[in-house]
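Participant: Assemble the complex: chain A is given as a structure, and chains B, C, D, E, F, G, H, I and J must be docked to it using the hints.
There are 10 protein chains.
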Amino acid sequence: MIYNREDVTQRIVATKVAKGLKWKDVAAEIGMSKEWTTAACLGQMSFNKAQAETVGRIFELPDEAVAWLQIPPYKGSLPSGIPTDPLIYRWYEVVSVFGTTIKELIHEEFGDGIMSAIDFSFDVQREEDPKGDRVNVVLSGKFLPYKNF
Amino acid sequence: MIYNREDVTQRIVATKVAKGLKWKDVAAEIGMSKEWTTAACLGQMSFNKAQAETVGRIFELPDEAVAWLQIPPYKGSLPSGIPTDPLIYRWYEVVSVFGTTIKELIHEEFGDGIMSAIDFSFDVQREEDPKGDRVNVVLSGKFLPYKNF
Amino acid sequence: MIYNREDVTQRIVATKVAKGLKWKDVAAEIGMSKEWTTAACLGQMSFNKAQAETVGRIFELPDEAVAWLQIPPYKGSLPSGIPTDPLIYRWYEVVSVFGTTIKELIHEEFGDGIMSAIDFSFDVQREEDPKGDRVNVVLSGKFLPYKNF
Amino acid sequence: MIYNREDVTQRIVATKVAKGLKWKDVAAEIGMSKEWTTAACLGQMSFNKAQAETVGRIFELPDEAVAWLQIPPYKGSLPSGIPTDPLIYRWYEVVSVFGTTIKELIHEEFGDGIMSAIDFSFDVQREEDPKGDRVNVVLSGKFLPYKNF
Amino acid sequence: MIYNREDVTQRIVATKVAKGLKWKDVAAEIGMSKEWTTAACLGQMSFNKAQAETVGRIFELPDEAVAWLQIPPYKGSLPSGIPTDPLIYRWYEVVSVFGTTIKELIHEEFGDGIMSAIDFSFDVQREEDPKGDRVNVVLSGKFLPYKNF
Amino acid sequence: MIYNREDVTQRIVATKVAKGLKWKDVAAEIGMSKEWTTAACLGQMSFNKAQAETVGRIFELPDEAVAWLQIPPYKGSLPSGIPTDPLIYRWYEVVSVFGTTIKELIHEEFGDGIMSAIDFSFDVQREEDPKGDRVNVVLSGKFLPYKNF
Amino acid sequence: MIYNREDVTQRIVATKVAKGLKWKDVAAEIGMSKEWTTAACLGQMSFNKAQAETVGRIFELPDEAVAWLQIPPYKGSLPSGIPTDPLIYRWYEVVSVFGTTIKELIHEEFGDGIMSAIDFSFDVQREEDPKGDRVNVVLSGKFLPYKNF
Amino acid sequence: MIYNREDVTQRIVATKVAKGLKWKDVAAEIGMSKEWTTAACLGQMSFNKAQAETVGRIFELPDEAVAWLQIPPYKGSLPSGIPTDPLIYRWYEVVSVFGTTIKELIHEEFGDGIMSAIDFSFDVQREEDPKGDRVNVVLSGKFLPYKNF
Amino acid sequence: MIYNREDVTQRIVATKVAKGLKWKDVAAEIGMSKEWTTAACLGQMSFNKAQAETVGRIFELPDEAVAWLQIPPYKGSLPSGIPTDPLIYRWYEVVSVFGTTIKELIHEEFGDGIMSAIDFSFDVQREEDPKGDRVNVVLSGKFLPYKNF
Amino acid sequence: MIYNREDVTQRIVATKVAKGLKWKDVAAEIGMSKEWTTAACLGQMSFNKAQAETVGRIFELPDEAVAWLQIPPYKGSLPSGIPTDPLIYRWYEVVSVFGTTIKELIHEEFGDGIMSAIDFSFDVQREEDPKGDRVNVVLSGKFLPYKNF
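Line by line, the protein sequences give chains A, B, C, D, E, F, G, H, I and J.
Just so you know, we're using the working numbering here: the first sequence kicks off at 49 and counts up by one.
Just so you know, we're using the working numbering here: the second sequence kicks off at 49 and counts up by one.
Just so you know, we're using the working numbering here: the third sequence kicks off at 49 and counts up by one.
Just so you know, we're using the working numbering here: the fourth sequence kicks off at 49 and counts up by one.
Just so you know, we're using the working numbering here: the fifth sequence kicks off at 49 and counts up by one.
Just so you know, we're using the working numbering here: the sixth sequence kicks off at 49 and counts up by one.
Just so you know, we're using the working numbering here: the seventh sequence kicks off at 49 and counts up by one.
Just so you know, we're using the working numbering here: the eighth sequence kicks off at 49 and counts up by one.
Just so you know, we're using the working numbering here: the ninth sequence kicks off at 49 and counts up by one.
Just so you know, we're using the working numbering here: the tenth sequence kicks off at 49 and counts up by one.
Chain A with its partners taken away, still in its complex shape (with noise of 0.2 Å):
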């Protein structure tokens, strides 16, 4: 029996390294972005019945595992609060230098209130550049404001 989230989405991992998938293949079965289907792969969306089936085949998961993937999961994906591997450690830096200035900006152009981390949807992409290439990351996200009540 699949006791937790945490054993599909181990398995998951271990196929894809396996047998050499790589995620915007997935994504492209999927129908979705390369963005959320990883996310979701990784244990941290919930796939509707249609996706979940597809999942289940590209990775060869049994039935219960099938269903645990449309499941809310528990997310967060970090094993410690403040991470310690180099590529995720410097989105943290960001956060952790440039935090309060996201946050003054963001007030300055729309007033109290904060940027969604629900309604909201990123895109990673390779920028070429004679100096090295960029990462370029957007982050969009719904503005909410503050209810006055």
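Take the hints with a grain of salt, since some may be wrong.
As the list claims (entries may be wrong) - Think about it this way: if two alpha-carbon atoms lie no more than 30 Å apart in a straight line, the pair counts; the simulated DSS-like pairs of lysine-lysine are:
hint, chain 1, residue 1, chain 2, residue 2
1, G, Lys72, G, Lys179
2, H, Lys72, G, Lys195
3, E, Lys72, F, Lys195
4, A, Lys64, B, Lys195
5, A, Lys67, I, Lys64
6, C, Lys97, C, Lys70
7, I, Lys179, G, Lys179
8, J, Lys195, H, Lys195
9, A, Lys195, B, Lys195
10, G, Lys195, F, Lys64
11, J, Lys70, H, Lys97
12, I, Lys97, A, Lys179
13, F, Lys195, E, Lys179
14, E, Lys97, C, Lys72
15, E, Lys64, C, Lys64
16, J, Lys70, J, Lys179
17, D, Lys72, C, Lys97
18, J, Lys195, G, Lys179
19, G, Lys70, J, Lys97
In case anyone wonders, no lab produced these hints; they're calculated from the structure.
Facilitator: Just chains B, C, D, E, F, G, H, I and J now, with coordinates in the frame of chain A:
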């Protein structure tokens, strides 16, 4: 005597509130982006001499403070490792929930390495949307491959 | 000069104690609920100009403080991640003990997504009860589904 | 042999996913609210004998597991002090941002004391709203004054 | 102006040291137990008006401080989650080592629920003993069963 | 092979649940108080040979487990520094809220030193009360003065 | 007014530096060991009246400070749970690396119980050694067996 | 296959309990002190080949385990930064309470530098005392002055 | 099936111990430095296909493990934020004690920016010295200036 | 009166900024390396009398401050266990990612023991490189074998 950069930052912020200034106007006077300018005023970047003098004039700072503005500061703008402010927390949540996804996709495209947080820039913009305007942020960082040795 | 919002909050609270004011009376003068008004006075919400001036008058604040009241504050009202105060701890305990239950039930009713803490209001009331009066709190937050992309 | 309550909880959750059960249907069979039933199934409450046997039948548990369901569990449902899951974090954020406000208003109404988290119940409901349905949660806790001695 | 209860507590303690007062004598003047009186003077309980005035007289406090004494304080008397002071640590150790034992025995006697820390009193006494006098502390808390709903 | 005391503790607790035993009956067979017996069974005290054999018989433990019961264990019964279980948290809260009070009163009575948590006993009793029965716990610890040297 | 013992400690240390005093000379005047005297001056022990007056004379303290020296202090001399200072860290490392060894050997010799940190003394000496002088520290603590009850 | 040193340590400890061995007897067979031998058996030191083979024979370890015993282990014997076990905590408390005193006295005698925890030995002995036997521990560490450069 | 890179690392280390291999010999077969090779074998770098196959041959790994060796791992080699192992702690201590010094000197020479930990190499060598051999480590990282934008 | 070494450090740093001094020039006047001099000025090393007087002259310090410069300071230069400043974090990351590698290689070359952080020096240099200049840092620490006893 001014003993540290935080004192200068506090004066800048207090004067900004008292005089009702806007970061984008400060940026225009400095001749840099609003993002870089705000970060530098908040003690996360260092100014060159001319910029520091302009900032000193705008915020009516003493000479000592202008000297401090040209010193690379001890960076990190948040009072706790996991930020309590909801706007900044949402960014932390993006790293927590989507961090492993971003890692997978950058590695899939570029191989092992990181997205620099130093050779890095970002841009905060309003995207009008009939369902509610969105905050769009573009992050651009040079890809840095691990050196083999 | 007032260097931050906490200074303003401290003055408001000290004046409230010294003059024996009540939050519900302050709320009535502002024209907002007692919940929103108290949160805003404690540095968790931002006032508009008219409200800030009223607050300034009630608590005899200088002009600079009135300016600070209109700035979105760095939010988070507790001195430690796990609160020590017994009344507030009980709320933390509700999240700790019943958090997964609330998650299950919201997902069962609405699917994957969250209950907003921004498009959010709450109301604290006394419920009379012969076995001992009860505190009833209604929390109302918009359901926000995860965006698929 | 079953060595702890978490093992029982894991089996209940795994069976629920595999069989596609709903908490509200389980609650109807037990004859308790969906909130209490879910909390109890997730290892935060203890069942009486009849309830435990019903749960055992629904989730096909062995006798030992039914015995464990009647033992007061070590409570606390979250894997970390500050929850990473966005839905549960929003509740933590409500405590962090509005905790001091709730404290002030309960004290203003009732004097020194707390809102009980033991003589406590809660109810999760959908409120239909043309601007987007809302999650309404009513929390009801007995006011407990501090004993003077 | 006095900005918080800690300032009042500091004055009380400093005056007690300077004047060589004893808590039991303060308690006698207030007409409460030495335990409750000490806790209240240390900022963990709130006084009624008459008690606050007596405390104000004993410790020569200004009127503002007397007002603060009647406000329910933000409770929690220790500077760190795990106390460093050896006397207080021994109590933490009792909770750490015997906490699960106490839980088992209260549940065995009363069923699921807690021993209240609000409807609670305690009494510290010397027990003479030829092998070395002992500190005896009686803790008395109302048993609160979990509400079923 | 049994590799640690926790394995023994788990077997004892699992057998207790499966067989429906009571700590006070175990204590009667051992000839010690219910408090000491429970603590020892939960891995916080060490048994002598005769006691260990009795425990082994009651809980049907293998010889190796009986040997482990006579070894001083690595003590500390809680999975986190600040306990999440509400019953045990209330005791932590007593230390947090009243810890400085207890310190003051013991010093006022005895001078500098501590209340031992080693030359220590405790007793948990039900006190009948028409307003709701109470849990009374008597803690008795030898006063240990600091050695001057 | 002096509000706490730390203020007294700071004055003692500052005066010691300014006047170039030595702890062993202070100890000789007090008539106690250099270890006890230093600990007491650093706010970890309490002086009797005569000792406190001598300390007050040596360090030119006001009367209030002399009163504070006779009050049992809130003990714990380090600014963080894991000390950063290399000399003190080495002692923490001894506990971390050899702690379980010390536990095993004391239990092997004495049975279950502890080595007291209250009925405790220590002595720091130079041991001359041609390969480099050594620091020898003798720790002496009464063995305290657990009370059976 | 044995994957780490902890597995070897667990087998040693389990065999010691099952066979009722004593550390001092193991030490005698190895020809080292009981302190060094115990630390090495608990995974804090590395054995040479002959010693490892003797340990392997005493504890009936497989060849792989004997190989592991000769590898410098990842040191640190405690499951948490602040130990919960009362015996080991007392040592932590000595560092916490007397750490700054020890620092002062070593500096007063030797100047700036540390007491080595590597060129270090210790010895645990019973001191008979009519008022209760004492644990005496001698710690001896080479003084290492800071290098000037 | 192998579910993660740590499993591969554990097998490599266990085989190294069992067969008595040396990292420098593995490095020679791979054709990289001993530093890079060891880091990669310990799960901190990714191998190319040919290198992975060589590693697989040396350590007798299954095909799946060879696939895992080519995947960028989640980096960070320590079980805790502050390392307990004395050798590694000394490096942490260098950062703690000399971190601000290194920062000052790099800024004095290069201006604001960092020393890369990605375009980075290091070399560990023995330096013979009659007073005791020394460990010399050369760290070389590209200077990366902050981008102005 | 100057109450601690941090005050002295703050004055040194503030004067350095105000007067535009360079560490290497200060070092030249002291006659020590720029690394040692900077560390000592930042409160991590102690000066001898002549050096302290030179520092006092350069930074215009009062006599008391010059006395403080000769006292071994409480070392550790960072405000948090995991540094937030990107330059210093990269060094922490080197320890986190390559710490176990460095441990393996030192043990492979030298056996069990450590690289001293006390009998230690370091040197920061610019290495010109057409692809971008590099920061080269040489760390040199005496190897200290564990004492067997």
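Participant: Which constraints among the numbered hints does this structure fail? Numbers only, ascending.
Facilitator: 9, 11 and 17
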